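Student: The lines below spell out each chain.
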Amino acid sequence: MVATALAEAVMHPAAGAALDIEQVSHAFDIDGTELPVLSDVSISVEPGEFVALLGPSGCGKSTLLRLVAGLDKPKAGRLREDEARIRNPHPSRVVVFQDPTLFPWRSVWDNVALGLEAQGILKSQRHRVDAALDLVGLSSFRNAYPHQLSGGMAQRVALARALVNDPKILILDEPLGKLDSLTRITMQAELVSLWQRKGFTTLLVTHDAEEALVLANRVIVFSERPARVKADIRVDRPYPRHRGDPYLADLRRQILGLLGLDATW
Amino acid sequence: MSTYSLSDGLASGAPRSSRAPLLATWIRDSGAGVLASIAWIAFGLSCLWWADVGDWSRTHSLGIAAFVIAAIALFGTVGADYLGAAGQALHKRAPWLVALGAFLTVWEVATAKFAWLPLPFFPPPQAIIDVYTDDLPKLLDSVFASIKLQLGGYLIGVAIGFLTGVSIGWSRAVGYWVHPVLRFIGPLPATAWLPIAFFTFPSSWSASTFLIALATGFPVTVLTWSGVASVSNAYYDVARTLGAKPSFLVLKVAIPAALPHVFVGLFMGLGSSFAVLVVAEMIGVKAGLGWYLQWAQGWAAYANMYAALIVMSLLCSGAITLLFSIRDRLLVWQKGTVKW
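Note that the protein sequences, when read in sequence, are chains L and X. When you line the first sequence up against the numbering used here, it's residues 78 to 342, in that order. When you line the second sequence up against the numbering used here, it's residues 10 to 349, in that order.
Okay, chain X solo, but in the shape it has when bound:
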């Protein structure tokens, strides 16, 4: 039966690979994990070996934590076969763990130990840990304030932008009136409105919400509009011969067909609204991560600034990731038609 020769070949292939030199297999499977462990041991040693040039309370704890991570990396690699998915995940990320350990070692040595980088401006890792432990309440307050402001403005901008975009794309009359306004006002960076917004709106919170909504709304409007406008007439013909009313054409044909474009607008809107959020918080709003940055700069608290920046980038990339996963869920039908 020649049809079975393929699986026969596969079966005999398995023992052949195990006959490869043992050392080579071991390096391929565990090399990165062991290196990661060594890198984190090096980081731990760099924390504990020399004395700090400044006064930081968590150098010792950080060194111990580095050793713990090194131990986890080592045992996770050696025992990968027994750990299932967790072992797989560790194996996949081991090269990054190596790079991170090496980077932290260099950072630690260059700042806390020998001060090769000028000190107040380049705080060591333990100084940033200090911020997360000692200044946590204020940092959390700022995070919540930023999320609240961003979310409100973004959602308003998305809702208005989406509705406007669909209306322009669908109705010639709406397009006639809205299109020139959009052309005139849209390209203006939302931050240019800042001075006016802050004295025309009753509160700095409402002014910033307006600005974030504006920054979000423009790209969402334009891309929703172009999405709706580019829907093939053939789809409408099909739906009409099947008895579709105009509302069905909008809700069940135009909008789903335009959705890939809409998501491009949502991504662009998210990016530009982050910029507006930070500027608005730095200038007018007395809360949020932008304000925290500004405040830390006023006190020359550089470690706090780095700490806030790290949190901010986690939040922004988290928001983008969330949007991506929503898109993947809604546009699953696109998976086979375009390259993601």
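The shape of chain L in the complex, shown without the other chains:
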């Protein structure tokens, strides 16, 4: 027990940050009427955890991610990264969106270099861009433009663009949602191995219970809008996980039940 814990600590020195979401509520103003999207959400994430946020479509999961990223400010409550209040975006918390949103006027290499360039450290850190492209296996496409890439490749570039910043928290907003099922399974495996190697804290929004269970340590199930935490489920299974694992199948049944889909099971 101690030996494995020690080995893990050596393998990835605590690269992840702790994340505290404390009684956060948020609402949108739509034509003067206030539409509540998050209601009193509290989640505490340990450094290096892989947390999946699961909930019905449009329940406010993505809004929560935007708050964690610092792109928006909550109407009430507090968010903290390693005890420091989250007020603005910071490269230690990088988002991978559902669309790769690569900049079409930049080559693959320049897209990946974006973060370092924005922080003004690209000149001395060019090797990090090469390393990030290596990591996602796209070194030979460094000079390609985004329109020349397939959907899966574009999403890999987006992942490299996030990872090049060595984020402490990686925020994934349904990044695999638009990929075909084969690419999706491959990229799920890649995500897990990246996370295991780098040790960053990961927050994944998904609407796919199976994806959540294959990837995450912890699955948090949200209610309909305004989103509240409905269940917080620990997934104690070693990686790599198998889709057919009866334990996961059982959890999946539970989760779908929580989402109001028991009739199909």
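Cross-link-like lysine-lysine pairs, in silico, DSS-like; alpha carbons within 27 Å at most: (1) Lys254/X / Lys150/L; (2) Lys275/L / Lys255/L; (3) Lys254/X / Lys152/L; (4) Lys152/L / Lys307/L; (5) Lys150/L / Lys307/L; (6) Lys295/X / Lys157/X; (7) Lys157/X / Lys147/X; (8) Lys200/L / Lys254/X; (9) Lys295/X / Lys147/X; (10) Lys344/X / Lys255/L; (11) Lys344/X / Lys261/X; (12) Lys275/L / Lys200/L; (13) Lys200/L / Lys261/X; (14) Lys261/X / Lys150/L.
Stretches of chain X that chain L covers, calculated by requiring three or more beta carbons in the stretch to come under 8 Å of a beta carbon on chain L: (15) 241-248; (16) 260-273.
To give an idea of the chain X side of the interface with chain L (calculated C-beta under 7 Å), a few residues: (17) Leu251; (18) Gly252; (19) Ala253; (20) Phe257; (21) Trp342.
These are computed hints drawn from the structure, not numbers from a lab. Nothing here was measured: the structure is a model prediction, and the numbers come from that model. Glycine included, every Cβ here is placed at the ideal spot set by N, Cα and C.
Dock chain X against the given chain L, drawing on the hints supplied.
Tutor: Just chain X, lined up with the frame of chain L:
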């Protein structure tokens, strides 16, 4: 190995095409070139065969030049295989050479030889050649004056228009003040300012520069603005989470994303500034091609007017071509995403 059948088929396809009737291949490969040669021989003959109805000094030289071009077309076509790229280029342009030779023949016969078109108003080709050789210094001076005026005004207009457009697109406060002014003044044709400009500005040169800049600035401003305003928020979100500061968002996100729109504005600005340039030169400035046109009209020197018009259209289309090639270089990333 069935995978190799494709290249096998290609290899056996080559001799098959050479078995086509020899005459048909020859006409396809060389027909246009030979026709071009004939058309230019016809032009040369039309110059030399009949006597001119007027007094032009270069009829003979023009005829000889036409024969030289005919010879080049003929040898270029026959020897296309040995000329490489030049032969290819000639082959590609041969149909145009035919049309040009035919047009010049008709023009020559209709003006210099039989005067079917009334004479002082429709000068023959050799009269225009006369202008290019005899009046060259004055014509060149005019060309340089026009380029100088146009370039100065255009660059000022582009710089101001671009900066204004980015500011309106980026800042709500700037938009609040500039937008109504733009709406009020922008649609006014720049030439409407002419009378005022010429007595408020210290020199006609500065007045024309102002007008050209105005004509350029409006479309550049509006299109830069709409370009910046239409940049997707997702790009800004991505850049912000990666640690981008506002200056980075403007310079590295908003402007490159807006650039395709900006170029549309640059093209429109170029077009409308040409119009202003010519009018300004005709009315106020005592130099340039517009002034040359006006001057030639005063002397009823119609050949000079045609000569100046030809130069002017070469300059304008040259400027547009230059702008296109700059765009192709800067927006190479667009090549796969939109149809050019």
